[in-house]
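Asker: Here are the chains, one letter per residue:
Number of protein chains: 2
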Amino acid sequence: MSTRMVEVRAKVMKQNDLLAHSLRERFQQHHTCVVGLVSSPGSGKTAFLEKILTRLSQDHKVAALVGDLATENDAARLQRATPNVKQITTGTICHLDASMVEKALEDWHVGAIDFLFIENVGNLVCPSSYDLGEELRFVLLSATEGEDKPLKYPNIFNSSDVAILTKMDMAAAAEFDLSVVRRNIESVRPGMKIFEVSSKTGLGMEEVISFLCAQLEHSRQPISEK
Amino acid sequence: MSTRMVEVRAKVMKQNDLLAHSLRERFQQHHTCVVGLVSSPGSGKTAFLEKILTRLSQDHKVAALVGDLATENDAARLQRATPNVKQITTGTICHLDASMVEKALEDWHVGAIDFLFIENVGNLVCPSSYDLGEELRFVLLSATEGEDKPLKYPNIFNSSDVAILTKMDMAAAAEFDLSVVRRNIESVRPGMKIFEVSSKTGLGMEEVISFLCAQLEHSRQPISEK
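Residue numbers (the working numbering), protein chains in the order written: chain A, 34 to 259; chain B, 34 to 259.
These are calculated hints, taken from the structure and not from any lab test.
Don't take every hint at face value.
Because identical chains cannot be distinguished in the list, a pair is counted as satisfied if it fits within a single copy or across any two copies.
Stated by the list, open to error - Okay, derived cross-link-like pairs now, DMTMM-like style, lysine to aspartate or glutamate, Cα gap no bigger than 25 Å in a straight line:
#1 Lys119 - Asp92
#2 Lys44 - Glu240
#3 Lys136 - Glu208
#4 Lys136 - Glu83
#5 Lys233 - Asp202
#6 Lys226 - Glu139
#7 Lys226 - Glu135
#8 Lys47 - Glu229
#9 Lys119 - Asp181
Assemble the whole structure, with the sequences as input and the hints as a guide.
Answerer: Structure representation (structure tokens):
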């Protein structure tokens, strides 16, 4: 990249960080648990999110923003789980940024939402640089993608809090070596929490739900008890 | 993106296009068939390329450049097929550009290479904007990623010449609907050539080899016979 481009990019990133910071404060004031989802294209973000929204909506108010370059297909899929879904269509832009999130929330009352999920554009590189104000970021990695991805895309694992290994029903067919992927994740992000799930069989989904509910509880405690 | 960033980006892209154009002329003068490979992370670019290099190296001089943010693992894998492999490590940059290719070729004699493959960073978005001077671009899509990717990432399909459907041995397990993916490719890139392959079983690899050899023959014909 040219020096000029690096300079302009640094300025844009700074603006994004400031806006993400103010979004995060707003979410915290309203005790809304906000979770970002990042992964490669085709790792199963939307299938995972549909299951999570369906299950959480039994007892909570849920909503989702979903980013894609083109099409509104994902929003249509997620609307089977909850009507509170908005598609953000980015055109040629390879990631969501905080201003897109702020704009999408304009006509929603954040205080009425318990869980807000933000599904990023499928991309293991660029979304790592853009804070969206979320409380937690999940990076999804499917069993069919290979164990080496944490080593090859370290920034996205470093910018995330939790790793979700998806499509575990296909792990045997894909010869996916769990001990290797766990070691690779541990080497780039020591102590990272890892869930193994399958949206198809339901494997591991209750563990994720319990984790999310505990997170919401925690965010609602008075600061003195935390 | 800010107006300023768009302007600077346009200038960088212009420089890239000029350099890619001069690379393409150089490749054509030497009758070197240059093929770019783009896909999501984990679509099987390296496994596919290892098979192709092994097979082509029986009768041709082959070489490969391989891009990743971090690690030299892919180059090590490809060196099992040919010693002529260089890793381009991009750091935080989400795509290869023409200047990286030019620099990597500095101490290679292009005229001695029949087939040069350039494996991009795993990313279905950003590489679509950067011409690398290749004669052909292959976009790989694995059977486990879902049929909707051409609709959701139209630019990368539009900037490519050939679609390679990989991991076809897993198509049944992934419930991959070939008629749907073919229709989706056709809708964003009418007439696009499509190969179905499996690096594991060898399915479809000979068809790709024949196609590449025909391409090389064609590039060696005097212009008057084309």
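Asker: Each hint should be assessed against the structure and marked as holding or not.
Answerer: Against the structure, the hints:
1. Lys119 - Asp92: within (21 Å within a copy, 54 Å between copies)
2. Lys44 - Glu240: neither (40 Å within a copy, 49 Å between copies)
3. Lys136 - Glu208: neither (43 Å within a copy, 37 Å between copies)
4. Lys136 - Glu83: Within one copy only: 23 Å inside a chain, 46 Å across chains, cut-off 25 Å.
5. Lys233 - Asp202: both (7 Å within a copy, 19 Å between copies)
6. Lys226 - Glu139: Neither way: Lys226 and Glu139 sit 33 Å apart in one copy and 44 Å across, limit 25 Å.
7. Lys226 - Glu135: neither (28 Å within a copy, 42 Å between copies)
8. Lys47 - Glu229: The answer is neither: 35 Å in one copy and 45 Å across copies each exceed 25 Å.
9. Lys119 - Asp181: between (33 Å within a copy, 19 Å between copies)
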